[in-house]
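A.B. asks: So the sequence lines, in the order shown, correspond to chains P and C. Just so you know, we're using UniProt numbering here: the first sequence kicks off at 1 and counts up by one. Just so you know, we're using UniProt numbering here: the second sequence kicks off at 1 and counts up by one.
None of these hints come from the bench; they were simulated from the model. C-beta atoms are modelled at their ideal positions from N, C-alpha and C, and glycine is treated no differently. No incorrect hints appear here.
Computed Cβ-Cβ distance ranges for the label pairs, DEER-style:
id, chain 1, residue 1, chain 2, residue 2, range
1, C, L155, P, Y38, 45 to 55 angstroms
2, P, P349, C, E302, 34 to 44 angstroms
3, C, D316, P, G345, 13 to 23 angstroms
4, P, D312, C, D138, 29 to 39 angstroms
5, C, P102, P, D329, 30 to 40 angstroms
6, P, K243, C, D329, 25 to 35 angstroms
7, P, D329, C, G104, 25 to 35 angstroms
8, P, P135, C, D312, 33 to 43 angstroms
9, C, Q151, P, P135, 51 to 61 angstroms
10, P, D312, C, Q151, 40 to 50 angstroms
Sample of chain P residues lacking proximity to chain C, with all beta carbon distances greater than 12 angstroms (derived):
id, residue
11, D26
12, R27
13, V58
14, K243
Straight-line distance between alpha carbons at most 20 angstroms, and here's what the computed DMTMM-like set of lysine to aspartate or glutamate pairs gives:
id, chain 1, residue 1, chain 2, residue 2
15, P, K147, C, E335
16, C, K319, P, E348
17, P, K148, C, D329
18, P, K319, C, E348
19, C, K123, P, E348
20, C, K147, P, E335
21, C, K6, C, D312
22, P, K123, C, E348
23, P, K147, P, E103
24, P, K123, P, E99
25, P, K147, C, D327
26, C, K6, C, E34
27, C, K296, P, E245
28, C, K148, P, D327
29, P, K243, P, D283
30, P, K296, C, E245
31, C, K243, C, D138
32, P, K148, C, D327
33, C, K147, P, D329
34, C, K123, P, E335
35, P, K123, C, E335
36, C, K148, C, D138
37, C, K148, P, D329
38, P, K147, C, D329
39, C, K147, P, D327
2 protein chains.
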Amino acid sequence: MAHTIKIAAAQLGPNHLTSRREDVVDRMLRLLHEAASYGAQFVLFPELAFVTFFPRYVLTPEELEPFFEHGDLLTSPTTAAFFSEARRLSVDVSLGFAERTPEGEGFNTSIYYSASTHSILSKYRKIHLPGFVDPLPDPNAINQLEKKYFQPGNLGFTAFRAPALVGITTEHSDSTKVPRSSSEREAMRGDPIFGMIICNDRRWPEAWRCLALQGTEVVFCGYNTQGYCPELAGTSPHKPQTKAEAEAAALVDHLLVMQSNCYMNSVFGVCAAKAGLEDGNFDLIGGSSIIDPKGKILAMTETRGDEVIVADCDLDEVKYGRSAIFDFDRHRRVEAYALITGQTGVVEPPFLR
Amino acid sequence: MAHTIKIAAAQLGPNHLTSRREDVVDRMLRLLHEAASYGAQFVLFPELAFVTFFPRYVLTPEELEPFFEHGDLLTSPTTAAFFSEARRLSVDVSLGFAERTPEGEGFNTSIYYSASTHSILSKYRKIHLPGFVDPLPDPNAINQLEKKYFQPGNLGFTAFRAPALVGITTEHSDSTKVPRSSSEREAMRGDPIFGMIICNDRRWPEAWRCLALQGTEVVFCGYNTQGYCPELAGTSPHKPQTKAEAEAAALVDHLLVMQSNCYMNSVFGVCAAKAGLEDGNFDLIGGSSIIDPKGKILAMTETRGDEVIVADCDLDEVKYGRSAIFDFDRHRRVEAYALITGQTGVVEPPFLR
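So that you can see chain P by itself, here it is in the shape it has in the complex (with noise of 0.2 angstroms):
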């Protein structure tokens, strides 16, 4: 029996701060449809889908909330028709946004939407906000300004269970196939495991394992990741990099954490970015792929631009990591770890007498 399923990453070419939503999403729209038209069972679109990265700027609140999300994406009339195509094509999405909640908090968010249900199953409040609170004092500088118009997310790392995916055929998929009880899905290992993070948590181990514990077999990760960035690169003032070996720099550095975290927790990665030159000035990487659990790409986008890339993601293949090397129960020493959850920051070692 098939445990395979046919996953999609929907990359985004730039967004403007002159796009118009209702443009965003018909590009959306676009891949959607020529990912079902492969079969995917699943597209996972970038982090902040519908607008360009805005965090760049500093902006006034008035110019800010535009940039914001304020309902129910199924039924807002910017998205509702994108979701209901979903549901029409039996295709589960994946996507994140800037929420507003009704009290007025701001977060980095990715949802899941299952088609079977027709309902967002999942939320996802970024929790590695990168960059700072405060605009940088060079007028020059590009800034990062997550911490200051997000608040670190309150969800958790939270996997979840997804229906209607696993144990059907690979065509598309129809929730009268679905088995009902949970022994049936158990039989057939319905339910995949997923979870999702969003841009800089995939530089974080921390996120992963929190996921991998929970038997997550697949994590989604949205990504706008600028090319030249020096908080981001961690470059150092003494070797300056060119544009063009920074943006190099900035995709080995992904795909570095995205390989590894893949490997050391056996779980598949799937990550969209948004891409290419936004608003004229700032350069997005590419790289959005689907890895498996040993580490190994299978597909990765070649373009910066709107593209969707497929890969069959056979779930039974996590298990053999997770039952030998990476074994959990057999292998981790929590009693060693202490440091990870007692302290933030680092905490030297005292200088010798």
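Given chain P, put chain C in place with the hints provided.
C.D. replies: Relative to chain P, chain C alone:
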């Protein structure tokens, strides 16, 4: 002022069941001299440096015991001259060995030897022991019996400061040039912070993070890594590999975890293999390397025999990452990490109704 230290990794070619410990130490002395001739201030030797990788064998207690060291390496007849020579050359050394304590416990251990104090500054006992307690049922299988022959390390992941390496000239170190007071040392960024892990530990991000949270600037990792080993490779039975494919994959995995964990912790990594064909049958990978805090390989061995590599490591490079994207104090969110210390194995979400 230079905060650069010249670090060497001394890869060892194979040892055999028939190898005499004296001959192995002679080879190590030659590598030590070679490293010193390059101006190295520190040399890392492999895990279980003196012996063949005996945990692959099912051994009686009588057969097992000769692989262990039973006394103080600095005064043992076999190894005393090695450390005296390191002292004479003013080169610090780290190496791995099978430790039998006076109480009869067995550990897979590394020590850090300081030439300026002629003492063992720090000891690490391997925490992530791979493999199984019991031999595999298949008589043709390659066993991995570290869990049988060793107990999990009980000294934690403990970073330590070493004197006489930083803030001095790059000539062979001379303890008389080491500043005496803490403030002098601090001003010169003296007393660099080191940490040790062993082999399989490098695949566990928890090990790296515990060391990085103590400000570790260089992580040392000796290893013996079988090219083909289903337990280690987590190989899917659906995708059998040739021996050559398996060895290539093992090298890829090794570098992936070394480079990514250096990057995600903004730390230098130095790793030294015991490599080559042991006992005529068991192929160990090479790939001894020195890696910078961006994950870039500065030096790597080209053979699977005795071979020294050196690199200049500017410890200031650690600071850039840790003050930017990997500024733990600013970015880590320990409130979201409870599962990492709260549970050992996987706990899956329930099946859907």
